[in-house]
Every structure is written in structure tokens, then in C-alpha cells.
Amino acid sequence: RLSKRTGIYVYAYAFRHRFATRKLAEGVAPAVVAQLMNHSDLSMISKHYSHIGTMHSLMRDAID
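Counting in the numbering used here, the sequence shown runs from 1362 upward without gaps.
In short, the hints are calculated from the structure, not lab data. Owing to the predicted nature of the structure, the values given are computational and were not obtained by experimental measurement. Misleading hints may appear alongside valid ones.
[Unchecked claim] Taking CB as the label site, the calculated pair distances span:
1) 1400 - 1368: 14 to 24 angstroms
2) 1418 - 1362: 29 to 39 angstroms
3) 1397 - 1372: 12 to 22 angstroms
Note that the Cβ used here is the ideal one computed from N, Cα and C, for glycine as well.
Let the sequences and hints guide you as you build the complete structure.
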């Protein structure tokens, strides 16, 4: 229904993905994010959210 109202394709997975991406970018430990998302281990986090490492501004901030 939201997609019809806004004209933008919206799907539930996008909310979960954004949540995990934000938490990892904020520095929350991957094990904690996996547990919050009800994953049984870290493999899903490392498989689907490894793109966090390509966020150059995030990497610069981590160095500082």
C-alpha cells in the first residue's frame, strides 16, 4: 500500500537492511547486530553487510 501511495517501491527487507547498516556504521559490534536481527551466527552479517568497509568516510572516521 505504501508503494502505491508514494509511487516508490517499498519492501520490508529494506528496513532491516538499513537498520543493520546503520548500527554497524555506528560501531555496534557485528555479534550484537546479528543477535538483534535474530541471526544464529555472524555469517549473514559478514555476507550481506561487508559493503560497510567501502564507506570511505566511515573508514576515515574510524582511523581518526
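Exercise. Using the C-beta atoms of residue 1400 and residue 1368, is the stated range 14 to 24 angstroms upheld?
Worked result: 33 angstroms, violated
Exercise. Per the hint of 29 to 39 angstroms, is the separation of the Cβ atoms of residue 1418 and residue 1362 within bounds?
Worked result: 35 angstroms, holds
Problem set entry | Satisfaction of the hinted span 12 to 22 angstroms by the C-beta atoms belonging to residue 1397 and residue 1372 | About 20 angstroms separates the Cβ atoms of residue 1397 and residue 1372, which means 12 to 22 angstroms holds.
Going through the hint list in order, the structure does not satisfy hint 1, though it satisfies all others.
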